[in-house]
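Q: Produce the entire structure from the sequences given, and follow the hints as far as they go.
In order, the protein sequences belong to chains A and B. Residue numbers for the first sequence follow numbering that gives the first Met the number 0, so the first one is 0 and each next one is one higher. Residue numbers for the second sequence follow numbering that gives the first Met the number 0, so the first one is 0 and each next one is one higher.
Which chain A residues face chain B? A few, computed with CB under 8 Å, are given here: (1) 2; (2) 12; (3) 13; (4) 16; (5) 83; (6) 87; (7) 88; (8) 91; (9) 92; (10) 247.
Honestly, the hints are just simulated from the structure, not real lab data. Ideal placement from N, C-alpha and C gives every residue a C-beta, glycine not left out.
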Amino acid sequence: MEVVYILWLRQLKRYVRSRSRIVGSLAQPLLFLVALGFGFGPIYARAGGGNYIQFLAPGVIAMGILFTAMFSGIEVLWDRQFGFLKETLVAPVPRLQVMLGRTLGGATVATLQGTIVFLLTLGVGFRPTHVVQLPLAVVMMFLTAVLFTALGTAVAAVLEDMQGFQLIMNLLVMPLFFLSGALFPLAGLPRAIGLVARIDPLSYGVDGIRGALIGAPHFSLVVDVSVLGVFVAALLAVGSYLFSRMQV
Amino acid sequence: MSIISTEELTKKFGEVTAVDHVSFAVERGEIFAFLGPNGAGKSTTIKLLTTLLTPTSGRMEVAGHDPWRESAAVRRTFGIIFQDPSLDTELTAYENMELHGVLYHVPRASRRSRIEELLTFLELWDRRTSLVKEFSGGMKRRLEIARGLLHHPSILFLDEPTLGLDPQTRNHMWSYLKDLNAREHTTVFFTTHYMDEAERIAQRIAVIDHGRIVAQGSPGELKRQTNTQSLEEAFLALTGKTIREEGATSLDQLRMQGRLWRGR
Numbered sequence: 000m001e002v003v004y005i006l007w008l009r010q011l012k013r014y015v016r017s018r019s020r021i022v023g024s025l026a027q028p029l030l031f032l033v034a035l036g037f038g039f040g041p042i043y044a045r046a047g048g049g050n051y052i053q054f055l056a057p058g059v060i061a062m063g064i065l066f067t068a069m070f071s072g073i074e075v076l077w078d079r080q081f082g083f084l085k086e087t088l089v090a091p092v093p094r095l096q097v098m099l100g101r102t103l104g105g106a107t108v109a110t111l112q113g114t115i116v117f118l119l120t121l122g123v124g125f126r127p128t129h130v131v132q133l134p135l136a137v138v139m140m141f142l143t144a145v146l147f148t149a150l151g152t153a154v155a156a157v158l159e160d161m162q163g164f165q166l167i168m169n170l171l172v173m174p175l176f177f178l179s180g181a182l183f184p185l186a187g188l189p190r191a192i193g194l195v196a197r198i199d200p201l202s203y204g205v206d207g208i209r210g211a212l213i214g215a216p217h218f219s220l221v222v223d224v225s226v227l228g229v230f231v232a233a234l235l236a237v238g239s240y241l242f243s244r245m246q247v
Numbered sequence: 000m001s002i003i004s005t006e007e008l009t010k011k012f013g014e015v016t017a018v019d020h021v022s023f024a025v026e027r028g029e030i031f032a033f034l035g036p037n038g039a040g041k042s043t044t045i046k047l048l049t050t051l052l053t054p055t056s057g058r059m060e061v062a063g064h065d066p067w068r069e070s071a072a073v074r075r076t077f078g079i080i081f082q083d084p085s086l087d088t089e090l091t092a093y094e095n096m097e098l099h100g101v102l103y104h105v106p107r108a109s110r111r112s113r114i115e116e117l118l119t120f121l122e123l124w125d126r127r128t129s130l131v132k133e134f135s136g137g138m139k140r141r142l143e144i145a146r147g148l149l150h151h152p153s154i155l156f157l158d159e160p161t162l163g164l165d166p167q168t169r170n171h172m173w174s175y176l177k178d179l180n181a182r183e184h185t186t187v188f189f190t191t192h193y194m195d196e197a198e199r200i201a202q203r204i205a206v207i208d209h210g211r212i213v214a215q216g217s218p219g220e221l222k223r224q225t226n227t228q229s230l231e232e233a234f235l236a237l238t239g240k241t242i243r244e245e246g247a248t249s250l251d252q253l254r255m256q257g258r259l260w261r262g263r
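A: Quick look at the structure:
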């Protein structure tokens with residue numbers, strides 16, 4: 000247990016110490032909030048959707064989590080480059096514990112990042128309607144964070160080097176985000192897009208966070224938690240396996 | 000009884016054969032030097048023995064287990080000081096030590112005093128709260144050594160441990176290791192480019208070149224075999240005088256990219 004804890008703590012310390020990274024990774028969510036939120040706001044209202052910032056804010060929180068979590072997972076590649084990975088790979092501890100410590104650490108960091116984005120959304124006028132459900136929103140954020148940290152780790156365990164990193168961003172992270180219902184309602188979509196959105200695990204993360212913060216989830220919170228739970232379990236298993244086969 | 004043994008151990012990376020039918024044995028409690036020019040296959044052999052690489056063919060055994068198939072059992076028996084950096088530079092010296100202590104199950108009660116003892120020994124105690132990224136190359140090296148000695152395994156692998164250290168620290172480190180070897184019968188398996196070091200410390204030596212073992216024996220035996228006066232001359236007689244190039248590996252390219260990405 001102490002092994003998981005110390006690796007978790009390591010991720011947290013690294014996060015707190017890299018202020019430039021924290022601030023830098025807030026720029027993108029803020030841009031999305033301001034540009035899309037205020038840009039599409041009037042059209043969204045005219046179309047009868049109501050306040051777009053209210054709708055968009057949970058999606059942007061999920062985006063902050065997605066990016067930070069995937070990045071935390073992919074950080075395994077940095078550890079490989081800078082040599083620290085060897086230190087954990089030769090240690091007499093089960094790979095599952097190493098994977099768990101890293102993943103929980105990365106997920107905690109992503110959840111913290113999501114919380115900061117949440118505070119930003121308050122600044123641009125977002126008002127959660129279910130304040131008592133804030134803890135539930137944090138649970139949803141954490142589940143989403145664990146899912147994508149595990150996914151990032153699994154991907155990094157397969158990638159040989161940084162060459163594939165840009166590819167992953169363009170072919171995995173961006174589609175996950177844009178096809179998730181973070182930016183638009185899932186109701187009444189063309190069949191194909193609707194289907195893709197249903198396969199995208201981030202849809203359930205966005206829906207869970209949105210459901211907890213402003214009510215009216217597209218699926219239902221039970222469905223969201225179940226789908227996220229299944230993905231988390233599967234990715235942790237796959238990630239641990241791939242991680243255990245890593246060579247340096 | 001041998002604590003480390005290999006039989007026809009071979010590792011190929013694509014077309015390149017890094018380790019070519021290598022057979023040797025190290026006895027329990029022995030100080031064994033594994034010598035060879037750059038790119039001869041020393042580090043690859045160590046990676047194979049320490050569960051980091053899967054062999055292409057051949058057999059190997061460390062403390063009675065196969066490093067690849069029974070990696071968990073093998074990992075409980077050894078400690079290692081790597082040739083290239085393996086510290087977390089975003090953590091402090093103390094935090095690096097502590098993390099290692101947890102990973103290697105050093106009991107909490109003795110962890111702090113062991114860390115203090117070793118950091119003091121390698122003259123880093125005053126800098127224990129500094130981030131490793133602020134350290135000079137020599138300090139990082141010393142920290143790697145302190146960390147590798149934190150727990151007391153039955154086998155210690157040291158891959159060019161003294162590279163970039165001043166003679167004082169080198170002396171210090173070797174007397175510590177000889178003492179450890181005498182007191183706890185720790186088997187020491189090391190590589191080095193300092194032949195005087197190998198001649199002085201090692202009880203037995205294997206020389207590897209182009210992935211093959213070209214000679215084995217005590218320093219005296221190697222000198223007799225080659226009819227030379229010093230181990231340095233014996234080494235040159237065995238491996239020739241041409242300079243070897245390691246070439247930019249994919250790992251080096253990776254490091255460059257990493258720096259670009261970090262942008263800090």
